[in-house]
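Student: The primary structure of each chain is shown beneath.
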Amino acid sequence: MLIITVLIIVSNLLLGLIAFSKNPKSATNRSFLLLAAILSLWAGTNYGSVRPGLTYDETLFWIRAVMVVTGAMFPTLYLLAKAFPEKTIGLSRGLLMLIVLFTISTQVLAATPLVFQKIIVSGTTVTPVPGPGMAIFAANVLLFLSLTLVTLFKKWREFKGRQKIQLNYLILGIVLTFTLATLTNFLLVNLFHNSSLVALGPAFTLIMVGFIAYTIVRHNFLDIRLVMARSVTYVLLISGLAIFYAFGLFASAELFTKTTSSGASLAVSTVLALVMAITFQPLKRLLERVTNRIFYRDRYDTDELLLTMSRVMASALTLKVLSQNILAVLRQQMHILKAGMLVLDKEGKPIQEVAPEDQPPYDLSSEDIGRLQTAGEILIFDELPEGDTKEMLRQHDISVFLPLRTTHRLVGYLIISSKTSGEIYFEQDIKALAILAPELAVTAENALAYEEIRQFNATLQSEVEKATEDLRRANERLQEFDKLKDEFISIASHDLRTPIATVKNFLWLTLNGQEPLSEKTKDNLQRSYDAAERTAVLVSDMLDVSRIEAGRIEVKIEPLELAKIIGEVKDDMTTNAVTKEINLTIDEPAPQTKVMADHERLLQVINNLLSNAIKFTPNGGKVSLNIHSEDNKVIIYVSDSGIGIDQKDFPKLFTKFGRLHNTLSSVPEAPGTGLGLYITKKLVELMGGNITVTSEVAKGTTFTFNLKCA
Amino acid sequence: MLVEDDKDTQDAYSQVLVGAGYEVDVAPDGGVGLTKAKVGGYNLILLDIMMPHVDGLEFLREMRQNPPEKKNGPTIMLTNLSSGAVIREALDLGASAYFVKAALNPGQLLKEVRSFLLEPEAK
Chain A
78 MLIITVLIIV
88 SNLLLGLIAF
98 SKNPKSATNR
108 SFLLLAAILS
118 LWAGTNYGSV
128 RPGLTYDETL
138 FWIRAVMVVT
148 GAMFPTLYLL
158 AKAFPEKTIG
168 LSRGLLMLIV
178 LFTISTQVLA
188 ATPLVFQKII
198 VSGTTVTPVP
208 GPGMAIFAAN
218 VLLFLSLTLV
228 TLFKKWREFK
238 GRQKIQLNYL
248 ILGIVLTFTL
258 ATLTNFLLVN
268 LFHNSSLVAL
278 GPAFTLIMVG
288 FIAYTIVRHN
298 FLDIRLVMAR
308 SVTYVLLISG
318 LAIFYAFGLF
328 ASAELFTKTT
338 SSGASLAVST
348 VLALVMAITF
358 QPLKRLLERV
368 TNRIFYRDRY
378 DTDELLLTMS
388 RVMASALTLK
398 VLSQNILAVL
408 RQQMHILKAG
418 MLVLDKEGKP
428 IQEVAPEDQP
438 PYDLSSEDIG
448 RLQTAGEILI
458 FDELPEGDTK
468 EMLRQHDISV
478 FLPLRTTHRL
488 VGYLIISSKT
498 SGEIYFEQDI
508 KALAILAPEL
518 AVTAENALAY
528 EEIRQFNATL
538 QSEVEKATED
548 LRRANERLQE
558 FDKLKDEFIS
568 IASHDLRTPI
578 ATVKNFLWLT
588 LNGQEPLSEK
598 TKDNLQRSYD
608 AAERTAVLVS
618 DMLDVSRIEA
628 GRIEVKIEPL
638 ELAKIIGEVK
648 DDMTTNAVTK
658 EINLTIDEPA
668 PQTKVMADHE
678 RLLQVINNLL
688 SNAIKFTPNG
698 GKVSLNIHSE
708 DNKVIIYVSD
718 SGIGIDQKDF
728 PKLFTKFGRL
738 HNTLSSVPEA
748 PGTGLGLYIT
758 KKLVELMGGN
768 ITVTSEVAKG
778 TTFTFNLKCA
Chain B
86 MLVEDDKDTQ
96 DAYSQVLVGA
106 GYEVDVAPDG
116 GVGLTKAKVG
126 GYNLILLDIM
136 MPHVDGLEFL
146 REMRQNPPEK
156 KNGPTIMLTN
166 LSSGAVIREA
176 LDLGASAYFV
186 KAALNPGQLL
196 KEVRSFLLEP
206 EAK
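Chains A and B are the protein sequences, given in the same order. Read in my numbering, the first sequence has 218 at position 141, and its numbers run on one by one without any break. Read in my numbering, the second sequence has 190 at position 105, and its numbers run on one by one without any break.
The hints are simulated quantities; they were obtained by calculation from the structure and are not laboratory data. Some hints here could point you the wrong way.
Listed next, the in silico DSSO-like pairs over lysine-lysine satisfying Cα-Cα at most 27 angstroms (straight line) [what the hints assert, rightly or not]:
#, chain 1, residue 1, chain 2, residue 2
1, A, 725, A, 641
2, A, 657, A, 597
3, B, 123, A, 647
4, A, 496, A, 232
5, A, 164, A, 102
6, A, 785, A, 647
7, A, 729, A, 699
8, B, 196, A, 692
9, A, 733, A, 633
10, A, 599, B, 196
11, B, 92, A, 599
12, B, 196, B, 92
13, A, 543, A, 560
14, A, 657, B, 196
15, B, 196, A, 641
16, A, 241, A, 467
17, B, 155, B, 123
18, A, 710, A, 785
Derived Cβ-Cβ restraints for the label pairs, each shown as a range [claimed, not checked]:
#, chain 1, residue 1, chain 2, residue 2, range
19, A, 559, B, 192, 37 to 43 angstroms
20, B, 158, A, 727, 49 to 55 angstroms
21, B, 99, A, 576, 46 to 52 angstroms
22, A, 677, B, 124, 32 to 38 angstroms
23, A, 576, B, 192, 18 to 24 angstroms
Even for Gly, the Cβ is constructed at its ideal location relative to N, Cα and C.
Here chain A stands alone, though its shape is the one from the complex (with noise of 0.2 angstroms):
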């Protein structure tokens, strides 16, 4: 009993001046602080009548204490009711004087017999005789009960948010406390005439007490129904299990009382206890279920919630989709009337607002941003003291500003309206956007990232793409060049040709006109005729050299009888040669021999190398083609037995007008070009095949060169 009341006494007291130390300046901590220490006092005096072995005399003294300290205990509960949860009272220093004067005399008025006459002891109970003074002190506490009641209901009335929970907290308490105290020590005693429980009425001074300094120091609020819901819940949760055990324990009893070995009750208990702690959680969890059920029924669940947006949160890529789809979600299941997101970019700058579709946005501007990023951590409306800050989260109705790191960065901000049943924001509402923050910050970021990503690759494709457009146009540009030169080639060497044929015709007409000609006159235009014969072919293998370098030469390969083509050059080859009385031989190809070559070039280089091979030679010399099978080849061997071609010269031989070095001065300047075994080792090649040359000075020179077989 005494520990008991010690213990109330100390917590009491505690409880009023942590509540004080807050804020020794404010009304409420402090007329808190009075009512603390009034109810700790009540609990000594309380203590004090109830001690077993008193007098009669201190049994008096003692109840009379005690009315005196009720007799300051309702002014002062109504003091604490008008103050709250302001700074200041709100009456009137003459008012104040008057209650106070009051409270004094019925105080005064208690410790005489004018209240409690006498008591009447009657076994263990105590009566207490009323005097005619008890109508004051009554007056006393009705009046200033019902002051309280009615302040506390006006107030109820009016408060909005923190304030309205704040009330609730202290309402709960005074209304708990008090009945349960005017239980056990006012009716009990007075109209049972039972004052057994008495001791208890201090012990419930506990609850109110520690309700109003909870809600005098914390900030945030548990949510009033919560602490209902759990507190039946457990209650329901302990009794139950109690209630089973009991039960358990008396119905074993019956059945075994044959074996009243203490070893069967033993077992007994183990097997009960064993049950109430397997059974302890699920229970717990299904009267958890009922009782939310019953008190939060538009309330959400934390993992509920923190599931669904886990989910929402991997449902999208892009930032629009997947923040609306986000505060949608928010909005809907923590019943919010509006809420939004700022994104910041790498440097910290606000980039956009995203929000749902059908709410009207935010529009901070850059200040604003500004000030709400300089207050730092989480900014929660109900707790700002009245200023600049707290206007403007009034006027955009603004109610938590939750900034949304990373590890990394800052990654934007969570906006959040005030809810629609215009609640505060609880403690587990708070708990639960925490632990969403971070989670949020990392999918804004990594939406954001996606977002980059998606750009840079359109950038690169776009300047893939441009790349793509300047090289084609490039080569475009490059082919039409290559065109070009080779319409100037074609153009120009037409347009050469015209006057080289005028010449050869007229000079051709005149040698073999009617008119007579002398001799020297006949010379003179013959070698007019042959230079420009050599002109033509220049100008011919200057274009063949042209295409060839080009890469446009066009040869088209295909099957030729051998026969059909060494016929078309004999005749003319065998006119050449007979002129110069060289002996010229060219070989019969096997009747069906076909060779993959191009008709036009083929003849050209016979007719080349035949012809060269006529030039170097000197009168009276030999000059064979020969055609040789092997394989799928077919080799043509061209010699003459000319002047021949000295070895260091050989180099050049295929070149474009690599001249040979000609020391012998008897052979006479032949009509040709440099051109010619260039253009014919090329043709060679370009038909698939390869030439090579074998030659000894004065003696002679072969050509060998090879074709496909068809």
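Since the structure of chain A is already known, use the hints to place chain B on it.
Tutor: Then chain B, alone, in the frame of chain A:
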């Protein structure tokens, strides 16, 4: 008929052909050439390619699409172009042969003309 725009070439070829006993009708451009060809009756047409108004290939195309009632003999291309593509097209369009003028002396031309005609014919 000799369809040729260059005066020197016209004269040189006419000389040698007339000297050999042939009757030569000269058209100085493709347009005149077409008109004459449409009248028809030529035993042989010597056709240049690069000419004013209508070029040799156009000539061939037109003759192939709208042949005259009175037929003409074969057409030989006489040109100083040596683009394989052009030559192929000419042959595809109905020419019987092509020769590069600069490589041909009048004697060789005569030989070719004779071989394409069975005998010189006075028209």
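Student: Now look at each hint and say whether the structure bears it out.
Tutor: For each hint, the structure was consulted:
no.	hint	result
1	A/725 to A/641	violated (37 angstroms)
2	A/657 to A/597	holds (21 angstroms)
3	B/123 to A/647	violated (40 angstroms)
4	A/496 to A/232	holds (21 angstroms)
5	A/164 to A/102	holds (7 angstroms)
6	A/785 to A/647	holds (22 angstroms)
7	A/729 to A/699	holds (25 angstroms)
8	B/196 to A/692	holds (25 angstroms)
9	A/733 to A/633	holds (24 angstroms)
10	A/599 to B/196	holds (23 angstroms)
11	B/92 to A/599	holds (25 angstroms)
12	B/196 to B/92	holds (22 angstroms)
13	A/543 to A/560	holds (25 angstroms)
14	A/657 to B/196	holds (24 angstroms)
15	B/196 to A/641	holds (20 angstroms)
16	A/241 to A/467	holds (19 angstroms)
17	B/155 to B/123	holds (8 angstroms)
18	A/710 to A/785	holds (5 angstroms)
19	A/559 to B/192: 37 to 43 angstroms	holds (39 angstroms)
20	B/158 to A/727: 49 to 55 angstroms	holds (52 angstroms)
21	B/99 to A/576: 46 to 52 angstroms	violated (18 angstroms)
22	A/677 to B/124: 32 to 38 angstroms	holds (35 angstroms)
23	A/576 to B/192: 18 to 24 angstroms	holds (19 angstroms)
Of the numbered hints stated above, those contradicted by the structure are hints 1, 3 and 21, listed in ascending order.
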